[in-house]
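J.: Chain by chain, the residues run as shown.
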Amino acid sequence: MVLKGMTLSNRRVLRASIQIVAHSVLILGSVLFLFPFFWMVSASFKTSTELLGSAQSLLPSRITWESYDIAFNSTMPLLRNLYNSLFVSINYTVLAVFLCSLAGFAFAKFNFPGKRFLFALMLGTIMVPGVVNIVPSFIVMKTLGWVNTYWSLIIPGAANAFGIFFFRQYIKSAVPDELLDAARMDGCTDFGIYWRIVVPVISPALVTMAIMDFMGTWNDYQWPLIMLRSPDMYTVIVAIASFPAPRFRQPWGAIMAGSTVSVLPPIVLFLLFQKRIISGITIGSVKGA
Amino acid sequence: MVATAYPKRKKKSIFRRIWDNRAAYLFITPFFIGFLLLDAFPLAFSGYLSLHKWNGLGEMRYRGPANYTRAFQDSRFLVSLKNTATLWLGHIFLLLALAFILAVVLNSKLIKGRYVYRVIYYLPNITAIAPMALVFGLIFDTHFGILNLGLTALGITGPPWLTEPFWANVSIIILNIWSALGWYMLILLAGLQSIDPTLYEAAQVDGSTTLQRAWYITLPGLRDVLFFAFIIETIGSFELFTEPQLLTNGGPLNSTLTASLYLYNSAFSYNKFGYSSAMSFILFAIIVVVTIIQARLTAEDEA
Numbered sequence: 004m005v006l007k008g009m010t011l012s013n014r015r016v017l018r019a020s021i022q023i024v025a026h027s028v029l030i031l032g033s034v035l036f037l038f039p040f041f042w043m044v045s046a047s048f049k050t051s052t053e054l055l056g057s058a059q060s061l062l063p064s065r066i067t068w069e070s071y072d073i074a075f076n077s078t079m080p081l082l083r084n085l086y087n088s089l090f091v092s093i094n095y096t097v098l099a100v101f102l103c104s105l106a107g108f109a110f111a112k113f114n115f116p117g118k119r120f121l122f123a124l125m126l127g128t129i130m131v132p133g134v135v136n137i138v139p140s141f142i143v144m145k146t147l148g149w150v151n152t153y154w155s156l157i158i159p160g161a162a163n164a165f166g167i168f169f170f171r172q173y174i175k176s177a178v179p180d181e182l183l184d185a186a187r188m189d190g191c192t193d194f195g196i197y198w199r200i201v202v203p204v205i206s207p208a209l210v211t212m213a214i215m216d217f218m219g220t221w222n223d224y225q226w227p228l229i230m231l232r233s234p235d236m237y238t239v240i241v242a243i244a245s246f247p248a249p250r251f252r253q254p255w256g257a258i259m260a261g262s263t264v265s266v267l268p269p270i271v272l273f274l275l276f277q278k279r280i281i282s283g284i285t286i287g288s289v290k291g292a
Numbered sequence: 028m029v030a031t032a033y034p035k036r037k038k039k040s041i042f043r044r045i046w047d048n049r050a051a052y053l054f055i056t057p058f059f060i061g062f063l064l065l066d067a068f069p070l071a072f073s074g075y076l077s078l079h080k081w082n083g084l085g086e087m088r089y090r091g092p093a094n095y096t097r098a099f100q101d102s103r104f105l106v107s108l109k110n111t112a113t114l115w116l117g118h119i120f121l122l123l124a125l126a127f128i129l130a131v132v133l134n135s136k137l138i139k140g141r142y143v144y145r146v147i148y149y150l151p152n153i154t155a156i157a158p159m160a161l162v163f164g165l166i167f168d169t170h171f172g173i174l175n176l177g178l179t180a181l182g183i184t185g186p187p188w189l190t191e192p193f194w195a196n197v198s199i200i201i202l203n204i205w206s207a208l209g210w211y212m213l214i215l216l217a218g219l220q221s222i223d224p225t226l227y228e229a230a231q232v233d234g235s236t237t238l239q240r241a242w243y244i245t246l247p248g249l250r251d252v253l254f255f256a257f258i259i260e261t262i263g264s265f266e267l268f269t270e271p272q273l274l275t276n277g278g279p280l281n282s283t284l285t286a287s288l289y290l291y292n293s294a295f296s297y298n299k300f301g302y303s304s305a306m307s308f309i310l311f312a313i314i315v316v317v318t319i320i321q322a323r324l325t326a327e328d329e330a
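For the record, the sequence lines run as chains A and B.
Residue numbering for the first sequence follows my numbering, starting at 4 and increasing by one per position.
Residue numbering for the second sequence follows my numbering, starting at 28 and increasing by one per position.
I should point out that these hints are in silico values taken from the structure, not numbers from a laboratory.
Remember, predicted model here, so these are calculated numbers, not experimental data.
Among the clues, some could well be false.
Stated by the list, open to error - Here are the simulated DSS-like pairs of lysine-lysine, each with C-alpha atoms no more than 25 Å apart in a straight line:
1) A:K145 - B:K80
2) B:K139 - A:K278
3) A:K118 - B:K39
4) A:K278 - B:K136
If we strip away everything but chain B, and leave its shape as in the complex, we get:
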């Protein structure tokens, strides 16, 4: 039944209400079939699989927690976790700070043509990251890449972007920020526009400075949006796959081997399905813990 303003005369029985709403249940069924088949079942099956050795074809052999102990002794897995954390911490604050500044500037009525800038900065986000990672590979090439050729022309010797561990990470972060900045800019812009303008007017009447208004009105007004952005980008960081696969292929010396890339390789290149499932569970646990910590920190801030 469509929700209506009919006065409620009598409380209907629950079965009656379910029957009356059968169409609504039908309408949401496709999602829940997908949920069972592609979320709930895989999650449970993945837990089951993580206790077995399986190459995807033959018989499954029960291994108990062996896959987990193996993961914690697997130096490549540990390195991939470390790399994932490094890339995450290496870019998330910079990304959100840039997005914040960009959003504030492009929200200002003082800037003419701000709509054109929004479109330009957002453009990388709607382009496929895979081909663009290859393009960045050409630009960043140490010897014939335009970046280092340009730097040489300026009298600077460019670093070996893709072949030295530190710079390979920097390259991935540059690509990542290039592609994600526009999206966060838009999210924060929308957040800025939802702040009540009368707050600013009142503060202005009270003789506040621009910086004070930014600190006491803009930042608190954006806190939910910033928190949302932080969580989304954190989860995204744990899934970092395309950039390291196509730009550096995890190298050099596994320095950009992310957890997601290592997991993909062991499942789909080496058919270690049980072991990969154990690793994905560990990764999942880490993401849950990190998210809870973030939520706690924000909640404490609020109190």
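Chain A with its partners taken away, still in its complex shape:
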């Protein structure tokens, strides 16, 4: 123990120097981590000649909306793409939160034959890498006629193992059995118990999961890329990645403008609900590991 033999003032100096070194490194790291966001926004307001010049300033010499104009009016139906993202994300989120909490309730508070096996089977699906299923899943979607529809983005994965596990953990510890027994005595049905007792008690977890689901759906790329075939059905993320690119002449300004618009909703949500999101992530990992 280094601190032991030191006088009080020495100890203070040591602490202060640890602080200074740590903060310098952390601040430098933060600047590097935030730089891509800064550069994206800054680039989206530059003119196309300024963007690809050999001398570039950190900030645009004058703010121009030219890139946003191109992004919204002459590349992709970006407003429609934003609407698609919003529609799909909201519907998926509502469905996922409902189905996962319901199944989580069943696994947390019921004692039915085969429960342990079914629970293990469910958790096992987390370990199956998506890449294995991508071709046959596409064929399933095609058979159902869901390719290039919202269904393909809303239904698959709505009842997912991670969400069910998350709610099962939460319900197990947050909902007292006595409360459920009392409701049962009053003649409440099982779904009634879920709706009137469980849902109000777990509402913080519902909100956390809803935000995570919303962000996940909004940000998803590979699955919607495979499912969606026409630009007017694209989600905003797919649309930006598919901006028409003349050979060697990427429309960088428009891409930066579109990127800025597309990453904004999750960032705003995150900054509003950071505490909940951060605690939500740790519930699933540590208690599960």
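Place chain B on chain A using the hints.
T.: Using the frame of chain A, we list chain B on its own:
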């Protein structure tokens, strides 16, 4: 039936118990429909498909193991496996080491404002990787990218980030670490906070050094979480798709063509569904083997 503290008077028959719990079965049914339709059936169908030649529309033609032998002779597939392994080994230790250091530092009560840092380092993880890969493409551009312009200003000639095989891999690893670090930091932070603080107090009373405590308490306390992180990131590495597709498009000279990207291209650009299924099975087998080896290694460590 809701699990209750009722004393068990008589053992109910299994059918009775199933009937009593019909609501619970109903509640978990949506998941298992999805499981059958999107996990079990595809897995089985994918096995069937891998023995056929099929373009997704016409008739399927039985090929036997031809798709598999073809895969092992397909130089692009082999290169894509090699690239996947390179990217995996090239970043996973660095990523987890950085996440570990960051978690330890941001768990320390000595660091003021640690909550703000956590938010900043986590931010990339909640942003869509696809648009950010495009942003990195602009930053990394050899000629007009801000990175090389900045390096030139410092008197350094920057490397051709996206157009030279080695540096293209480095670029993908940088993007990958940038986007994943925050998540692993949080997972490890949660692991740190679940270590019993009295262990540290006892060790301190016994006169241990900070390093000894890190080695004998922190690392063993994190072993499950680290193992979990390692498995998750390994599976994630095998699925690496968005970054190589949008940052380098598999190039230059196929040097960043990952297995996942090659599989996607042959299925959805060239409609080789049977062949892609065979490749995904090979990939699946590799992932299973790697996971088992990892589990074994950890189990041996423990013994």
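J.: Each hint needs a verdict: does it hold in this structure or not?
T.: Going through the hints against the structure:
About 18 Å separates the Cα atoms of K145 (chain A) and K80 (chain B), which keeps this hinted pair within 25 Å; it holds. In summary, the hint linking K139 (chain B) to K278 (chain A) is supported, as the alpha carbons are separated by about 17 Å, within the 25 Å threshold. Restraint check for K118 (chain A) and K39 (chain B): the C-alpha separation of about 16 Å stays at or below 25 Å, so the hint holds. A C-alpha spacing of about 18 Å is found between K278 (chain A) and K136 (chain B), which places the hinted pair at or below 25 Å, so the restraint holds.
No hint from the list above goes unmet by this structure.
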